[in-house]
Amino acid sequence: MTVLAEVGYYEPWWIQLLKALAIFAVVFQLVPVVLLAERKLLGRFQHRYGPNRVGPYGALQPMADIGKLLFKEQFRPNNSIGWMFALAPAISMFTAVATLAIVPFSNTVDIFGTQVGLYGVDPSIGILYAFAFGGIAFYGLVLGGWASGGKYAFLGSMRAAAQLISYEIAQGLAAVGVVMMAGSLSLTEIVGYQEDHLWMIVPQFVGFVIFLVAGFAETNRPPFDLPEADAELVQGYSTEYGGGRFAAYYAAEYLNIIVVSALTTTLFLGGWDIPFVDPPTWVDPIVVLVKALALVFFFIWVRATLPRLRYDQLMALGWKVFLPVATLNALVTASLVVAT
Amino acid sequence: MPYDPGPDVVEVVRAPKGGPVRGTYRAFGETLRGMKTVMGRWVEGTHTYQYPEEKTPVYPRFRGRHKLHRFEDTGLEKCVGCSLCAAACPADCIRVVAAENTPDNRVSAGERYAAVYEINMSRCIFCGYCEVACPFDAITMGHDYELSDYNRSDLIFTKEMLLAEPLERTPLRSLGE
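First to last, the sequence lines map onto chains X and D. First residue of the first sequence? That's 736 in my numbering, and the numbers climb one at a time after it. First residue of the second sequence? That's 52 in my numbering, and the numbers climb one at a time after it.
The shape of chain D in the complex, shown without the other chains (with noise of 0.2 Å):
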């Protein structure tokens, strides 16, 4: 008695008969097919951003280049100096000495301030802990992302690049696009 597989058959879907007239017949069907497909995406249009004159629009939230804040009233930085940042940087790229505010130096609003802040962007993989770990919002992610350069030392970030109004390069995305 033959195997009798029971209901679980799965019919096969055979490949179209052969045969030279056939064959040829469905190559040049296929051929013409084909090339139809070909000319309507020419008809359809371009897909590319034209790159440096036109740029990639980024989302909101996009993790791109850092900036530093200053409080839009007194000009003080937000930043204190307390290295939160740092200890949560998990590429260990964040490097902030402190020092002391003086009534005469007063640079931040807290008692201390960062003397030293510098991000190596060359080590930095924009994971945006450190905007997580800022208690005062001091530092956050912005929307740059052309950040390549010829020197890797020129990509250790200072305060006063990070301070500084970034040139807004990068548009952003609007609503639903």
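For reference, chain X alone in the conformation it holds in the complex (with noise of 0.2 Å):
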């Protein structure tokens, strides 16, 4: 049988679901932290504060969303495709989730004499696997879109697909500065890579503002929401939907920005890596946090900045800078990499 992809099991089945558990309710739960977040920080770049109403400084919030939300009529259009309708949102939140799994939040450590290694799955494959559940999660846009039989949604989930097309090409590419430069797809190794040598971000700064720009645009954030875009097209692909299944979409992006913060700050800005200390192993995961929550804070600073683009403008900022740019940091970064 041909191994396509070195998984590299080496734990009791037990921990592997322990771990598995540990990180998703960790994880799952900086997702209303994050709603609120970007709510509240919204509302500070507008002279306003923000939600302050529900609990303590408005810290329930989410929580009352959530309610509301669930406990909404679960309306489908009469023309919309019924299984596909109800498993699109599901296809979103499995791949936020699944991307989850190869984030490293440290090296192997020592738990009470067993080696465990914090981080849900290390594929040989490392950041294609990331890539992967990146395609696939276009189909639950898409597939959403074209399921609510609507033309909003329709255009929404077609200019999903374009968008998908124009900037995965660009990430991947500056992804693969990276890859070379360490020399192994394992996102434990790259980070170890850059324990022992810099940052990527300093010698790969242009692969790390390509994968930035191109992560706002997986996570359909201004200002490339494009398949949401609310002033054109109502909703986007999440037009028809409501309650639970909104609720699932919804919290999708927001695990999705935190999945891709956390993989800018693997592959770029030295995962659990703090240069000139060395510090104990327990930090480790609170340091890959603390950067992906950095992260997190400038998606919406930036989402408080600049206006959406226009599709053309898209296109060409896509096809025509990043593309190239990528391709030719791509080549430069080899011809280094054979050179020394």
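Simulated from the structure, these hints should not be mistaken for lab results. Heads up, some of the hints might be wrong.
Stated by the list, open to error - Result set (BS3-like, lysine-lysine): computed pairs, CA atoms no more than 27 Å apart in a straight line:
1. X:775 / D:87
2. D:87 / D:68
3. D:118 / D:210
4. D:210 / D:129
5. X:1055 / D:68
6. X:775 / X:803
7. X:775 / X:807
8. D:118 / D:106
9. D:106 / X:775
To be verified - Example chain X residues on the side facing chain D (calculated, C-beta under 10 Å, incomplete):
10. 772
11. 776
12. 784
13. 899
14. 1036
15. 1041
16. 1052
Where is the CB? At the ideal position from N, CA and C, for every residue including glycine.
Take the two lone chains and join them into the complex the hints point to.
What follows is the structure, given as structure tokens:
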């Protein structure tokens, strides 16, 4: 049998189960936090407070929102395709959670005499796993828009598809530079390389910018929220959704932001590494989360600043700027890696 | 000979020169400038009133809910039921029914008093003409602006409601605010 990807399981099944649950629990708790942080920060950026009525400092606002959404009617348009309509948000949610599995929070550590890797899985294909699930994630959007049976939802999903092909290539090529320098696809080894050398953001700054901007496009965040585009497409692919299914889309979007931030942290910002300091191992996951949340703050900051790009501007940026620059970056990196 | 427009030539401010490199640099530079501006808004702080707890202050001449007045010394009503306010009202929302004062039932200082004095607040446009028309300063515009209610019938303010000390729910703007 051909082994396509060496996953490298060496832990008993119950540890894998436990750490999967722990990672999911911790990161999924961050979704309401990020949701609230976005609304509070957008308020501050616009001279207002944001939600501050429910609970102390509005801290329970996400809970109130979730409660509201879950008790709403599960509406479905007459001309929608039932099973696909129900499946699409689940795909979005599934891919967001699945991508989370490869984010490394620390290297293999010794917990009560057992060797445990603080990550869901560490496949040998590493970052390609994230791109694979990023590709599948767009099925959630495209199928959702297609199955809704409305023109706005359909237009939104078509834009999502167009956005995917213009940005995945540039994002992949931006990551190629990192992979070539580290000499490995595995994310733990990429972080290990950054511990020994500089953080990738220094030698791969161009790749970092492209990866981050493509990350905005991948998570459908402003200024690349063309699939949603509330101004012209009502709500894009999720126009016909409401209640729990909309909550699934919403949670998946915010989970995607956290995951993309964590991946950018891993690839470019040194993962759990703090330069010149050698903290104990238990600090590592906190370092990763803090760096990821700093990037989430950057996501929100950009959202508050930039207007949405026009469709042709998005295409021009993706194909005429980022793709050539990313290719050039990969070529130059390859030459330098071979030369040195 | 080409057309000479003379001295009235308006210089056209040209758009910045194109080109992919310059355009990209400009786009990123302007993006960073925009992000600095947005962060500056946060540093500046909020400009909001926390409304139900913190009311928007009004100016002294703000025209809010009406008040009917009494003489402070005798406690008699100033309104004599002349209906001039009702005549002046462009929205026709004031209804006055006058009655004669008798020695053992003395309500106002004049010969007659307003037996019924109603203002329909759902009709009132807060123009202040009633205040201007009143020869005895019996009706003035107050500062209350929180007048919403659940029933239209509750918005017909009777004489007792207008005479009662209004709930001072609205702060007054201090000088120079």
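Taking the hints in turn, this is what the structure says about them:
The suggested pairing of residue 775 of chain X with residue 87 of chain D holds, with an alpha-carbon distance near 18 Å, which does not exceed 27 Å. A hinted pair counts as satisfied when its Cα atoms are at most 27 Å apart, and residue 87 of chain D with residue 68 of chain D qualifies at roughly 24 Å. Of the pairs offered as hints, the one joining residue 118 of chain D and residue 210 of chain D holds, with about 9 Å between alpha carbons and a cut-off of 27 Å not exceeded. For the given pair, residue 210 of chain D sits about 12 Å from residue 129 of chain D by alpha-carbon distance, which is consistent with the 27 Å threshold.
The suggested pairing of residue 1055 of chain X with residue 68 of chain D holds, with an alpha-carbon distance near 18 Å, which does not exceed 27 Å. Annotation: proposed proximity of residue 775 of chain X to residue 803 of chain X holds, straight-line Cα distance about 19 Å (limit 27 Å). For the proposed pair residue 775 of chain X and residue 807 of chain X, the alpha carbon gap of about 25 Å is at most 27 Å, so the pair holds. Simply put, residue 118 of chain D and residue 106 of chain D have alpha-carbon atoms about 20 Å apart, close enough for the 27 Å limit, and the pair holds.
A threshold of 27 Å between alpha carbons decides the hint, and for residue 106 of chain D with residue 775 of chain X the separation of about 22 Å falls inside it, so the pair holds. For the restraint placing residue 772 of chain X at the interface with chain D, the shortest Cβ-Cβ distance is roughly 13 Å, beyond the 10 Å limit, so the hint is violated. For residue 776 of chain X, the suggested interface contact is upheld, since its CB lies about 8 Å from the closest CB of chain D, less than 10 Å. Checking residue 784 of chain X against chain D: minimum C-beta separation of about 6 Å stays under 10 Å; hint holds.
Contact between residue 899 of chain X and chain D, as hinted, is not supported at the beta carbon level, the nearest pair being about 23 Å apart and thus beyond 10 Å. About 6 Å separates the beta-carbon of residue 1036 of chain X from the nearest beta-carbon of chain D, less than 10 Å, and the hint is met. Annotation: interface hint on residue 1041 of chain X holds; nearest CB of chain D at approximately 7 Å, less than 10 Å. Residue-level restraint check for residue 1052 of chain X holds (minimum Cβ-Cβ distance to chain D is 9 Å; threshold 10 Å).
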